[in-house]
Each structure stands twice: as structure tokens, then as C-alpha cells.
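Trainee: So you can see what is in the structure, the chains are spelled out below.
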Amino acid sequence: MRNRYEKIVEIATWIVLIIIIFGVRFLPVKLLDNDSVYILIGGIVSFALLYYLVIYKIFARSKRVYFKMIADVVLIGVLIHLLKDYGQYFFALYFLPIAAAALELEFINALLIATIASLFVIFEIFLSSQDLLPGTNQFFSGGWQIAIILFITIFCRMLAIQIRQERTAKEESILKQKSLELEAERQKEFLSLTSHQLYTPLSIIRGFVSMLNDGTLGKLSSKQSDAVCEIHTNSVRMVNLVDELLSISRIQAGTFSLDKKFIHLNEVVDGCIDSLCKSKQNNNIKIRVEKGDLPPINIDPDKIRQVILNLLDNAIKYTKEELTIRTSATKDGQMVEVIDQGVGIDEADFEKLFQPFFRGKNILELDNKGTGLGLYISRIIIEKHGGQIWAKNNPAGKGATFAFKLPAM
Amino acid sequence: MKVLIIDDEKGILKMYSEYLQTGGIEALQATDGQAGIKIAKEQKPDVIFLDIIMPRYNGLDVLKDLKADPEIKQIPVFLLTNLPAESSGDKAKSLGAAGYLVKAQYEPKMILDIVKSAATYKQNQNPPGEPIK
Numbered sequence: 547m548r549n550r551y552e553k554i555v556e557i558a559t560w561i562v563l564i565i566i567i568f569g570v571r572f573l574p575v576k577l578l579d580n581d582s583v584y585i586l587i588g589g590i591v592s593f594a595l596l597y598y599l600v601i602y603k604i605f606a607r608s609k610r611v612y613f614k615m616i617a618d619v620v621l622i623g624v625l626i627h628l629l630k631d632y633g634q635y636f637f638a639l640y641f642l643p644i645a646a647a648a649l650e651l652e653f654i655n656a657l658l659i660a661t662i663a664s665l666f667v668i669f670e671i672f673l674s675s676q677d678l679l680p681g682t683n684q685f686f687s688g689g690w691q692i693a694i695i696l697f698i699t700i701f702c703r704m705l706a707i708q709i710r711q712e713r714t715a716k717e718e719s720i721l722k723q724k725s726l727e728l729e730a731e732r733q734k735e736f737l738s739l740t741s742h743q744l745y746t747p748l749s750i751i752r753g754f755v756s757m758l759n760d761g762t763l764g765k766l767s768s769k770q771s772d773a774v775c776e777i778h779t780n781s782v783r784m785v786n787l788v789d790e791l792l793s794i795s796r797i798q799a800g801t802f803s804l805d806k807k808f809i810h811l812n813e814v815v816d817g818c819i820d821s822l823c824k825s826k827q828n829n830n831i832k833i834r835v836e837k838g839d840l841p842p843i844n845i846d847p848d849k850i851r852q853v854i855l856n857l858l859d860n861a862i863k864y865t866k867e868e869l870t871i872r873t874s875a876t877k878d879g880q881m882v883e884v885i886d887q888g889v890g891i892d893e894a895d896f897e898k899l900f901q902p903f904f905r906g907k908n909i910l911e912l913d914n915k916g917t918g919l920g921l922y923i924s925r926i927i928i929e930k931h932g933g934q935i936w937a938k939n940n941p942a943g944k945g946a947t948f949a950f951k952l953p954a955m
Numbered sequence: 003m004k005v006l007i008i009d010d011e012k013g014i015l016k017m018y019s020e021y022l023q024t025g026g027i028e029a030l031q032a033t034d035g036q037a038g039i040k041i042a043k044e045q046k047p048d049v050i051f052l053d054i055i056m057p058r059y060n061g062l063d064v065l066k067d068l069k070a071d072p073e074i075k076q077i078p079v080f081l082l083t084n085l086p087a088e089s090s091g092d093k094a095k096s097l098g099a100a101g102y103l104v105k106a107q108y109e110p111k112m113i114l115d116i117v118k119s120a121a122t123y124k125q126n127q128n129p130p131g132e133p134i135k
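Residue numbers (the working numbering), protein chains in the order written: chain A, 547 to 955; chain B, 3 to 135.
It is worth saying that the hints were derived from the structure and are not from the lab.
Idealized CB from N, CA, C, for every residue including glycine.
Watch out, some of these pointers could steer you wrong.
Unchecked claim - Mimicking DSSO-like on lysine-lysine, the simulated pairs with C-alpha atoms at most 30 Å apart in a straight line are:
id: 1; chain 1: A; residue 1: K807; chain 2: B; residue 2: K69
id: 2; chain 1: A; residue 1: K807; chain 2: B; residue 2: K95
id: 3; chain 1: A; residue 1: K734; chain 2: B; residue 2: K66
id: 4; chain 1: A; residue 1: K724; chain 2: B; residue 2: K95
id: 5; chain 1: A; residue 1: K807; chain 2: B; residue 2: K111
id: 6; chain 1: B; residue 1: K43; chain 2: B; residue 2: K75
id: 7; chain 1: A; residue 1: K806; chain 2: B; residue 2: K66
id: 8; chain 1: B; residue 1: K16; chain 2: B; residue 2: K43
id: 9; chain 1: A; residue 1: K806; chain 2: B; residue 2: K69
id: 10; chain 1: A; residue 1: K765; chain 2: B; residue 2: K12
id: 11; chain 1: B; residue 1: K75; chain 2: B; residue 2: K93
id: 12; chain 1: A; residue 1: K765; chain 2: B; residue 2: K111
id: 13; chain 1: A; residue 1: K734; chain 2: B; residue 2: K12
id: 14; chain 1: B; residue 1: K16; chain 2: B; residue 2: K111
id: 15; chain 1: B; residue 1: K93; chain 2: A; residue 2: K724
id: 16; chain 1: A; residue 1: K769; chain 2: B; residue 2: K4
id: 17; chain 1: B; residue 1: K93; chain 2: A; residue 2: K734
id: 18; chain 1: B; residue 1: K111; chain 2: A; residue 2: K863
id: 19; chain 1: B; residue 1: K16; chain 2: A; residue 2: K769
id: 20; chain 1: B; residue 1: K93; chain 2: A; residue 2: K930
id: 21; chain 1: A; residue 1: K837; chain 2: B; residue 2: K111
id: 22; chain 1: B; residue 1: K95; chain 2: A; residue 2: K734
id: 23; chain 1: B; residue 1: K118; chain 2: B; residue 2: K4
id: 24; chain 1: B; residue 1: K69; chain 2: A; residue 2: K734
id: 25; chain 1: A; residue 1: K806; chain 2: B; residue 2: K93
id: 26; chain 1: A; residue 1: K765; chain 2: B; residue 2: K4
id: 27; chain 1: B; residue 1: K111; chain 2: A; residue 2: K806
id: 28; chain 1: B; residue 1: K75; chain 2: A; residue 2: K807
Claimed, not checked - Label pairs and their in silico Cβ distance ranges:
id: 29; chain 1: A; residue 1: L726; chain 2: B; residue 2: N60; range: 20 to 30 Å
id: 30; chain 1: B; residue 1: A70; chain 2: A; residue 2: E776; range: 40 to 50 Å
id: 31; chain 1: B; residue 1: G13; chain 2: A; residue 2: E717; range: 50 to 60 Å
id: 32; chain 1: A; residue 1: D816; chain 2: B; residue 2: Q23; range: 24 to 34 Å
id: 33; chain 1: A; residue 1: A799; chain 2: B; residue 2: A37; range: 32 to 42 Å
id: 34; chain 1: B; residue 1: Q76; chain 2: A; residue 2: L804; range: 29 to 39 Å
id: 35; chain 1: A; residue 1: E735; chain 2: B; residue 2: P57; range: 15 to 25 Å
id: 36; chain 1: A; residue 1: L726; chain 2: B; residue 2: Q23; range: 46 to 56 Å
id: 37; chain 1: A; residue 1: L804; chain 2: B; residue 2: G13; range: 28 to 38 Å
id: 38; chain 1: B; residue 1: K93; chain 2: A; residue 2: E836; range: 38 to 48 Å
id: 39; chain 1: A; residue 1: F808; chain 2: B; residue 2: Q23; range: 34 to 44 Å
id: 40; chain 1: A; residue 1: Q901; chain 2: B; residue 2: K46; range: 47 to 57 Å
Generate the whole structure from the sequences, applying the supplied hints.
Mentor: Here is the structure:
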């Protein structure tokens, strides 16, 4: 499209130029001497060759415009010089190559270039008029003509090139954006299918083992029961690991999104406590729940559940007797705190606690089965909600508190 | 009380059916969508659990057909799948599913709890179990 317009107008330029030259030559009044016309025709043919044979063949597209621009300036200069007194009326011819550049652009940009070029040509004619500037000699007037032509040419060409480059960059960025969106969609689909394939055998293992564990499929001996309990705990761990790895993949693929709705935060906390009691039934840790009076809040309940479970799971690893989970209202939202009675956090670890694959020195001594991704995923989830997550040591060295705040809106 | 489970994975059918039967619930099974719709029309179960990824007849299309049939459209249908909610939750909601459950997160006991609360749902028309995404 772009090349077609450019070529049509370029060819039109040459046709008009040649018609004018022959028109001038065969006018009844002798306007020019014969030599000038022949030199003019020879010059134009030379430039035509220069344009289409030399410049097009030798230079790459990006450099070609600059050489064409120089050739245009020289050609117009020669034309005006040879047309002598009538030269100034033919400046407008240069509108044709300008129009060629402008036609590639959108209407407003093309209009801008054409208007600027017109203003300069009018200005040039005004300056070169002997009547308006009495006392100026022909040399001075010719100097102005060349300077103005040079200025019009360079300015308009540069403007056209810049606008063209900006438009190309914009088109490329739209294309890139579209291809990124397509890639993200493919990744999302891939992750959905991967999770389906990974979860399907796991859900069957977990389900049957839970049935063996709770006696649905018959009574087990003490040793069998212990073995089944281990399998059950580890199948739940496996599901959680797959959850974590899929969350990380979604974060890296940029497809990690929230599915928000208005819900009571206390209901989410209750759900977490319920599932924790089921999976940690052999554990003797007491979980104290302190619930504040909270209105519904716009959150992704599954993701917030994942955060709370992660914080509780970490706290259980440290605590021997009791831990507390507390919900409360803040000035601009709601807060959840998980308070343990463990060994606390090493001062050097605070900075890296919420980084991926980081495992605190104190927790490595107690448990080496985690991936170091839980707190990182929790941070991403809370930040996606527009909230904050942090950790601090409790006063008097009594364990640590992990807390997060969610905005009301 | 009758529950219909539509799933192409035989292990899943066996697992949930056995657990529901121990809770005194009759579990009907279908390994594909067409058979599922046929059983739903003939047996009129109280609750339907429906998988999404199945050969030939996708679970979401089955849901659409179940909800288009005036005889069975009032039966609560829970999608019970291993596809994450973010991929099909919205579609399921728009098609009239009562809930969206990820199998790996729901042990058979939790499914039994949902079936029990579905009985309450039938009486007072409040959506049971896990709220839909």
C-alpha cells in the first residue's frame, strides 16, 4: 500500500516535470535559451538514473531516503537555476515528492506536512520578490531561494521520516503486544491442562488413601494405619507442591490472576482451620482463633485461603503448644495475623523472607521439606490484592508474627 | 437420595461412589456426557457431579444441555474437575452450575458434605457447598 502510493506519486512527479520542461521549450515566446533546456533535460535524466538505478540498487531502505533527499535538493536547485526568472513559480513542483511521503501518513499528519511546506514556499516567494525587498540583488535573492528550498526539503522529509518511524514503531508494538497476549493465552491453556494431568492421578490417590485412613474401606491394623497415614500426609503435600509450582509457573508466565468476589474474611479463616484440623489431626497444637467483627470484602477467596494456610502451616512447624490467628479491621481494610510461639526469625533473614526459594536458617533446622516458595507466592497474592504482607518477631523473644493487610476496596 | 457422577476416569467414579454409598447415598455413574444426560432424564438424581474434560462431549456442553431440558434443569449440577477455576469457572457460572470443585482439593468426605447440604438446597433453594467462582 505504502510503496504503491509512493511510486505512483513519484512517477507523476517525473511526468509533470518533463511536461513542464517541454512546455517551456515550445512556448511561442522565447523564455529560455536553448542550451538551458537541453542541460535541464540532461540533468533530469541523470537524476532519474541516479534515483532508480543507483540509489535503489545500492542503498538499503533506511539510508535510501537520505540520498533521495539530497538528490531532490540538487535537482530542484538546478531546475530553478535553469528556469531563471520563472523558477520561483515551479517551487510548488516539489510538493509532489512531499505529497508522496505525506500520502503514506494519516490525514492529520499529511495535512501538517503540506501546510508547513506551503507556508515555506509562500515565504520564499515573498522574500524573493524584488518589489518587496528593493535593493536586493539577484545573487542575494538566489541565495535565499536555495536556503529556503533546502530548509523546506529537509524539514518536510525529516518530519515525514519521523512520523513514519513512529507509526512503524507503534504498529510493531501493537503486533508485539498481540503476540505476547497470544503467548500468554497459550501458556494459560498449557498450565490448565498440565494441572489437570497432574491433579487427576493425585486426586485418586489422595481420595482412596483418605478413605483407607478414616476406615471407610475397613479396619486397618495399627501398622497399616500408620503407613496409610504417612501416604495420606504425603499425598496432601504432593497436591500442595503441585499447587505451588503451578502458581509459580503462572506468575512467571504473567497469567496469575485473581477471581474476586465479596465474601467474609472470617469464613475463609474458618475454612482454613477446618481443613487444617483434618490434615493435622495427629498434631496436638491448639489453634486459638480471634475473629474481629468484619464486613464482607472483595477478595479472591481461594488465593487468600492459600496464603492463610501457608502462614498457618509455617507457624505449626515452629509451635509446640499453641498458635493464634487473629482477624481485625484496620483504618482502610482488614488484617489477618498469625502468631506463633517458636524461635522467631533471624535478623539476617528478614530481608529475604518473601523472596523465591528462600528458606530461613531457623526453619531449615526444623523442616527441610518445603520449596521456599510459599511466602513468595503469598506475597504475590497479597500484592495483587493491593495489600501488604510482613513479618516481625514478638516481644520478649516469644516467636514471630506473620500478618497481611487487604484494602477495603 | 440419588447422586449422579459423570466422569470418564473410572478411578474417580469408583472412589466417590464407594464413599457416597457408605453414607447411605445411591451413586449413579456415567462415563460420558451422553450416557449422563440419559441417566439424568430417567433417574432424576438429587445432585449431579460433572467432569469437564471428557472425550467427545465436553462437560460444559453437557451442562448446557442439562440446563436446557425443562425436566431436569432444576437439579443442582456441580462441576467436579481438575481444571483450575480460572480457566472455566466463569463459563460454568454463566451456564448455571451450582458450584465448581477442584477434585485434588476435595476428598470424598467433603463431597459427601456437599451432597448433604444439597438436600437442604433443594428445600430452601440456597446454593450449597463451596460458592461458585
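Trainee: Next, verify each hint and record whether it holds.
Mentor: Hint-by-hint comparison with the structure:
1. The hinted pair formed by A/K807 and B/K69 meets the criterion: a straight-line CA distance of about 24 Å does not exceed 30 Å.
2. Simply put, A/K807 and B/K95 have alpha-carbon atoms about 13 Å apart, close enough for the 30 Å limit, and the pair holds.
3. For the suggested pair A/K734 and B/K66, the alpha carbons sit about 24 Å apart, so the restraint of at most 30 Å is met.
4. Between the alpha carbons of A/K724 and B/K95 the distance comes to roughly 28 Å, so the proposed pair stays at or under 30 Å and holds.
5. Of the supplied pair hints, the one linking A/K807 and B/K111 holds, its CA atoms being roughly 26 Å apart against a limit of 30 Å.
6. As the CA atoms of B/K43 and B/K75 are separated by approximately 10 Å, the hinted pair is consistent with the 30 Å bound.
7. Note on A/K806 and B/K66: the hinted pairing holds, with a Cα-Cα distance of about 25 Å set against a maximum of 30 Å.
8. Between the alpha carbons of B/K16 and B/K43 the distance comes to roughly 22 Å, so the proposed pair stays at or under 30 Å and holds.
9. Of the pairs offered as hints, the one joining A/K806 and B/K69 holds, with about 26 Å between alpha carbons and a cut-off of 30 Å not exceeded.
10. Proposed proximity of A/K765 and B/K12 is supported: the alpha carbons are some 24 Å apart, at most 30 Å.
11. Annotation: proposed proximity of B/K75 to B/K93 holds, straight-line Cα distance about 17 Å (limit 30 Å).
12. Restraint check for A/K765 and B/K111: the C-alpha separation of about 17 Å stays at or below 30 Å, so the hint holds.
13. Only pairs whose Cα atoms come within 30 Å are accepted, and A/K734 paired with B/K12 is accepted, the gap being roughly 27 Å.
14. A C-alpha spacing of about 14 Å is found between B/K16 and B/K111, which places the hinted pair at or below 30 Å, so the restraint holds.
15. For the suggested pair B/K93 and A/K724, the alpha carbons sit about 24 Å apart, so the restraint of at most 30 Å is met.
16. Of the supplied pair hints, the one linking A/K769 and B/K4 is violated, its CA atoms being roughly 36 Å apart against a limit of 30 Å.
17. About 16 Å separates the Cα atoms of B/K93 and A/K734, which keeps this hinted pair within 30 Å; it holds.
18. Under the criterion of a C-alpha separation no larger than 30 Å, the hint pairing B/K111 with A/K863 is consistent with the structure, at around 26 Å.
19. Pair hint B/K16 plus A/K769 holds up; C-alpha atoms about 26 Å apart against a cutoff of 30 Å.
20. About 23 Å separates the Cα atoms of B/K93 and A/K930, which keeps this hinted pair within 30 Å; it holds.
21. Restraint check: the Cα-Cα separation between A/K837 and B/K111 comes to about 27 Å, which is no more than 30 Å; the hinted pair holds.
22. Restraint check: the Cα-Cα separation between B/K95 and A/K734 comes to about 20 Å, which is no more than 30 Å; the hinted pair holds.
23. Proposed proximity of B/K118 and B/K4 is supported: the alpha carbons are some 11 Å apart, at most 30 Å.
24. Of the pairs offered as hints, the one joining B/K69 and A/K734 holds, with about 28 Å between alpha carbons and a cut-off of 30 Å not exceeded.
25. As the CA atoms of A/K806 and B/K93 are separated by approximately 15 Å, the hinted pair is consistent with the 30 Å bound.
26. The suggested pairing of A/K765 with B/K4 holds, with an alpha-carbon distance near 27 Å, which does not exceed 30 Å.
27. With a C-alpha separation of about 27 Å, the suggested pair B/K111 and A/K806 falls inside the 30 Å cut-off, and the hint holds.
28. Straight-line distance between C-alpha atoms of B/K75 and A/K807 comes to about 26 Å, which keeps the hinted pair within the 30 Å bound.
29. A C-beta distance of roughly 28 Å is found between A/L726 and B/N60, which places it inside the suggested range of 20 to 30 Å.
30. Taking the beta carbon of each, B/A70 and A/E776 are about 48 Å apart, inside 40 to 50 Å as hinted.
31. In this structure the supplied range 50 to 60 Å holds for B/G13 paired with A/E717, their Cβ-Cβ distance being about 52 Å.
32. Restraint check, A/D816 to B/Q23: a C-beta distance of roughly 29 Å satisfies the suggested window 24 to 34 Å.
33. Range check, A/A799 to B/A37: about 37 Å between beta-carbon atoms, so the 32 to 42 Å window is met.
34. For B/Q76 and A/L804, the Cβ-Cβ distance of about 32 Å falls inside the hinted range of 29 to 39 Å, so the restraint holds.
35. Checked against the hint of 15 to 25 Å, the pair A/E735 and B/P57 passes, with Cβ atoms roughly 18 Å apart.
36. For A/L726 and B/Q23, the Cβ-Cβ distance of about 50 Å falls inside the hinted range of 46 to 56 Å, so the restraint holds.
37. Separated by about 32 Å at the C-beta atoms, A/L804 and B/G13 satisfy the suggested range of 28 to 38 Å.
38. The beta-carbon spacing between B/K93 and A/E836, approximately 39 Å, falls within the hinted interval of 38 to 48 Å.
39. For the hinted restraint 34 to 44 Å between A/F808 and B/Q23, the CB-CB distance of approximately 38 Å keeps it satisfied.
40. With their beta carbons about 55 Å apart, A/Q901 and B/K46 fall inside the hinted range of 47 to 57 Å.
In the structure shown, a violation is registered for the earlier hint numbered 16 alone.
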